[in-house]
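2 protein chains.
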Amino acid sequence: MKRTTVLIISCLMIMSSMAQQQLGRRPNVKSPVIHQDGSVTFNFFDPTATKVSVTGDFDELTSKRLDMTKQENGVWTVTTAPLAPELYSYSFTVDGQRIVDPANSYVNRDINTLSNIFIVSKSNEDKGHTYAVNNVPHGTLSRVWYDSPTLGQQRRMTVYLPAAYDGKKRFPVMYLLHGWGGDETAWGDLGRASQIMDNLIAEGKCVPMIVVMPNGNPTCDAAPGWWHEGMYVPDGNAFQNRPAKASMEESFMDIVRAIDSRYKTIAKRSGRAVTGLSMGGGHTFGISRLYPEEFDYYGLQSAATMMALGGWLNSQAPKPNAEYDAQMARLFNSKPKLYWIGIGKDDFLMQQNTDLRKYLDSKGYPYEYYENDGGHIWRNWRIYLTIFAQKIFK
Amino acid sequence: MKRTTVLIISCLMIMSSMAQQQLGRRPNVKSPVIHQDGSVTFNFFDPTATKVSVTGDFDELTSKRLDMTKQENGVWTVTTAPLAPELYSYSFTVDGQRIVDPANSYVNRDINTLSNIFIVSKSNEDKGHTYAVNNVPHGTLSRVWYDSPTLGQQRRMTVYLPAAYDGKKRFPVMYLLHGWGGDETAWGDLGRASQIMDNLIAEGKCVPMIVVMPNGNPTCDAAPGWWHEGMYVPDGNAFQNRPAKASMEESFMDIVRAIDSRYKTIAKRSGRAVTGLSMGGGHTFGISRLYPEEFDYYGLQSAATMMALGGWLNSQAPKPNAEYDAQMARLFNSKPKLYWIGIGKDDFLMQQNTDLRKYLDSKGYPYEYYENDGGHIWRNWRIYLTIFAQKIFK
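Chains as they are written, first to last, in UniProt numbering: chain A, 1 to 394; chain B, 1 to 394.
Errors might be hidden in some of the hints.
Since copy identity is lost for identical chains, a pair holds within one copy or between any two.
[Stated by the list, open to error] Heads up, simulated EDC-like pairs for lysine to aspartate or glutamate below, C-alpha to C-alpha not over 20 Å straight-line:
#1 K169 - D260
#2 K205 - E250
#3 K127 - E229
#4 K30 - D110
Hints were generated in silico from the structure; no laboratory data involved.
As the structure is a prediction and not an experimental result, all values here were calculated from the model.
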């Protein structure tokens with residue numbers, strides 16, 4: 001070998017060892033390792049730590065902490081019991097400090113908490129399979145900016161185009177809304193919207209459709225880091241503490257108009273569905289009252305009905321009054337094809353959803369109701385999306 | 001207040017305090033705080049830690065560690081000297097453990113290392129401004145799957161469409177290639193490609209164009225977590241240790257065909273540029289030799305010329321031989337409008353770029369050469385993209 005080649009290889013070896021150090025000091029550590037029975041082993045290299053644990057949503061309702069054991073080689077390890085098919089989130093706690101797994105480079109952000117995820121799947125029929133990237137035709141996921149005259153802003157949204165989208169054929173549109181503290185990236189990340197849609201469409205379980213995931217905070221134009229205010233730090237009330245020019249619902253038709261003008265859509269009621277989780281369920285409720293003739297399908301997921309039409313997270317659920325009665329009468333007189341309400345038994349918003357159902361029952365307004373285990377968690381919203389998407393445009 | 005309202009507010013308060021805990025136990029901590037003179041304060045709340053530091057690329061060439069000081073309220077803090085306009089990466093080290101800043105939710109992944117970033121900008125004329133999200137028309141950034149018959153795979157790429165793209169007018173296309181260990185997300189994240197293009201186009205400094213950022217690893221179909229192999233752990237050689245059906249360059253026209261069939265492109269030589277960094281510079285070099293009449297603009301950024309045409313990172317730079325001579329003759333006889341080579345003074349690949357330039361000089365083949373400070377770092381590749389994009393399609 002020539003001297004230059006030796007020099008280059010030396011440089012690369014030095015870079016590579018530096019990189020190894022930077023990659024979390026983890027020689028040959030693989031984590032997580034998913035076993036055939038659904039049990040999962042976590043590994044973490046840190047010879048100097050005194051206490052390491054993994055915290056994840058390993059049982060149905062709560063997050064669970066498992067202490068890890070240090071082996072002679074400095075790798076901490078623990079193996080879970082067999083887990084049911086599902087997408088799980090987890091993080092490590094190292095001497096009191098919460099960190100993501102340095103061996104798992106796929107990280108999700110939920111509001112401003114980073115977590116790793118993994119998927120357990122045991123057959124092509126289970127939830128894990130529906131949430132995974134499978135070898136099926138994949139749609140396109142785009143970050144798109146649009147003008148909102150109502151909010152006086154250029155705003156960012158996420159748009160899923162089905163694999164069959166070719167710029168010629170027209171497709172129906174599902175508007176899919178996030179919750180409090182979330183943004184236009186939420187449904188694509190922990191919501192697994194593009195994987196769920198790819199898989200349901202490939203299996204013929206739902207019709208190919210466009211899915212639009214806007215930013216539901218009328219005082220923000222985009223997700224942190226992508227907006228015009230730099231590397232912003234969201235905290236609990238930051239999105240709501242600033243005065244908004246209009247509510248999400250009042251500005252909502254700006255989004256519909258932008259989508260209809262940019263994409264080949266079925267630009268009428270029969271080609272439009274709207275659904276959202278928590279605050280986005282409140283927005284869906286508000287949209288159903290403001291625009292009863294624009295959408296044929298409504299889906300309220302763990303809906304924070306008090307957050308409709310600019311309501312605050314800690315405001316009271318709307319009480320029927322003359323305006324509310326008139327809106328609901330107009331809505332149901334227009335005969336939407338589906339008014340769907342889904343919520344978990346342990347959801348802290350159960351009471352206001354029960355109240356809404358009582359109201360609908362008292363008026364004889366038809367709706368579909370789905371109740372399952374669990375509370376106000378992504379695990380349920382992925383299920384609700386999977387169910388709702390199969391019910392629309394058919 | 002009714003009892004149900006009290007209950008809901010209590011639930012929300014509990015959730016909110018849980019969220020606070022989850023958000024890194026950081027009451028009212030803002031980090032980083034960028035001051036008007038360009039100095040930056042980092043803050044980190046951890047009353048029990050014994051040693052905290054911040055590491056970042058705060059001077060030109062190397063990363064710098066600054067020890068942080070603990071205040072009485074448990075918040076560790078340090079302020080840098082005034083920094084020049086630039087995009088900076090950083091992380092914290094807490095008792096030996098590298099973590100991202102829990103107060104800065106915008107995180108970048110480089111291969112499999114997570115870092116936070118921030119931008120210092122002092123005027124509308126500096127680099128920081130070019131890398132920031134400004135109030136200008138924004139293009140669309142999409143993750144698109146295409147079929148590669150050559151590799152026998154469905155593969156994922158990133159596509160930037162300029163704000164003016166309307167599905168009617170045709171635009172030229174720049175193919176922008178990543179380096180070793182990277183993937184189709186690299187140029188959009190640390191490369192700031194969409195911000196750079198938005199800003200240069202808005203300022204009239206470059207023509208509106210489509211930018212295509214494919215995955216340059218022929219044994220991978222997509223980035224970790226988005227590919228068909230689950231939450232995968234890339235390590236140094238994982239992408240190259242598996243046999244590829246063909247090299248990146250041999251499969252490259254699959255990408256060009258997919259783009260020309262899906263988008264309104266100027267589907268001929270005068271509407272095509274290709275440029276890449278490091279391994280992607282090697283790919284650009286290989287593409288220039290294989291397809292001399294398909295592209296009018298070539299840009300080699302810190303090029304690993306030995307990685308052209310399936311070469312390994314630690315293989316030797318190509319030596320002129322009969323085939324190489326014939327390829328280069330054909331290339332320059334076809335008179336490309338630009339053959340651009342950019343590299344930093346301290347780049348460990350300087351020698352092979354110098355060898356290439358000597359070869360071009362000896363044959364009288366015209367090229368443009370740009371040399372600046374620094375080495376094999378993203379800071380330089382953002383500069384090279386900014387320069388190259390302004391030179392093409394004019």
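field: Violated constraints from the hint list, given by number and in increasing order
entry: 2
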